[in-house]
Amino acid sequence: MNDFVVKTLLAGFGVAVVAGPLGAFVVWRRMAYFGDALSHAALLGVGLGLVLGMDPVFGVVVICVAVAVLLALSQRQKSLAGDTVLGIMAHATLAIGLVALAFLTSVRVDLMGLLLGDVLAVTTKDLWRIWVAGVGTLVVLAGIWRPLLAATVHEDLARVEGVPVQGVQLTLMVLMAIVIAIAMKVVGVLLITSLLIIPSAATRRFCRTPEQMAVLAAVLGCCAVAIGIWLSFHFDTPAGPSIVVAETAIFLITVFTPGRSPGQ
Amino acid sequence: MDNVNAAVMSSRIQPDGGSSLLEMQDVCFERGGKAILEHISLSLARGEIMTLIGPNGSGKTTLVKIALGLLEPDSGTVARKRGLRIGYMPQRVVIDPVLPLTVRRFLSLGGKCQLGRRRTALEEVGAPHVIDSAVQSISGGEFQRVLLARAILREPDLLVLDEPVQGVDVTGQAALYDLISRIRTRYGCAVLMVSHDLHLVMAQTDRVVCLNQHICCSGHPAVVSKDPAFIEMFGKEDADRLAVYHHHHDHVHEPSGEIATHPPGPHSHDHHD
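Read top to bottom, the protein sequences are chains A and B. Residue 164 in the working numbering is what sits at position 164 of the first sequence, and the numbering runs on without skipping anything. Residue 47 in the working numbering is what sits at position 47 of the second sequence, and the numbering runs on without skipping anything.
These aren't lab readings, by the way, just hints derived from the structure by calculation. On a predicted model such as this, the values are computed, not experimentally measured, just so you know. Hints are not guaranteed to be accurate.
[As the list claims (entries may be wrong)] The calculated lysine-lysine pairs, modelled on DSS-like cross-linking and capped at a C-alpha distance of 27 Å, are:
id : chain 1 : residue 1 : chain 2 : residue 2
1  : A       : LYS78     : B       : LYS34
2  : A       : LYS78     : B       : LYS112
3  : B       : LYS65     : B       : LYS112
4  : A       : LYS7      : A       : LYS125
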């Protein structure tokens, strides 16, 4: 295997390993649309990073956290349903991001790469960035695992038992922003949510504990990355969408595989 | 955990000394221009069982959430005894089937505890057999017992139970109220409970607070059941049945300790007049 393939695979694995456990929370907390809104906003973050002459990852994290806080605040009003607000936010930020990038005539921006990922063009620097951010995210997630799980099961009960609910929820959002920033290179902003939710959704029927689900989701994600990149090399298909196709195939196989029923 | 808990509660803490665990003064709460609670003052003593009753929408759950510090009152004060440990059993806990969770794991989310303590807590509430079951697979009554076990694992000074017998069949309801009463005796904790099963709750209660945005009446069950405000809210028939139940209760435990089945009749009501 040549260096190029190894780099591509390592980038994909780095993202899949952290997207699995984090995605489990996205599934448990029903945050799929929230993830969409954040990842669409990431495009605006890239623009911000470029304008400020900083690392785009920094811009993405800043914008995603800002959007997350704005969404959390907007949930307090009752005149519009939560999914309506999410829909407005997701598409408004995507559109504003696209328009903003069009103004950046001084920098050449690979728009398709941002939207659909460009894992085959991953550099050593990207690889470092993915693994450092990924491992950091996993460490923090492990640290807040029990309180976050308690707040996911029942927010009020957790609060009465002394869990700093708002703190762990905000931390989760920051972690999601970081994962979105690093996953962009692999699957692009349009497909990031699938990386978070499909592996977790595929594992549910085979797991008895939350931790099993998180680990198995990471493993399935890595399988999908390997299959997708192989597809991409052999049939010259775009790598990001190929990974998501592989994930979907795995998900469909698990649907028809006998497993535990959710009640067991 | 304790430090965090103390930090959460620190905004409204009364210096230690008073015998009441929880004291509310003139608490008001409104949402969207509609008054939910008006001028509520009450205090809960150590070891006391207080039951909040009232029709749907009377503000019972809001009052409980204010007592717990989950909601801030618009005006008035809430004082909790310093270091008060609360065991909470929320209303209608539904755990999404997408989250794989055994009862043992569910209990562990409440915090650290001694090895084997979770099993003994489940034994105390009469549900040791479900320890390795998925929380979504057990019955409503079993789940309420598991919630109660999680609450007592905190070794609380105060148990706050929001409709503890919800989703439990009638025979199970009486057993659950008995269990709560036994837990109070065993742990010496106070109990603040929301209910609308008047008949079942009354026998296990030291004080009833009858709520309908404001406190209509409060006191010992036998007294409250004859209060005009109570009769107006729940109807003569219910109020009479309560009086009957109390008479019935007074007589049952003396000779054999078994539950006798006195037919309720006008005679039994007379005793209370």
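Quick rundown of the hints versus the structure:
no.: 1; hint: A:LYS78 to B:LYS34; verdict: holds, 15 Å
no.: 2; hint: A:LYS78 to B:LYS112; verdict: violated, 37 Å
no.: 3; hint: B:LYS65 to B:LYS112; verdict: holds, 24 Å
no.: 4; hint: A:LYS7 to A:LYS125; verdict: holds, 11 Å
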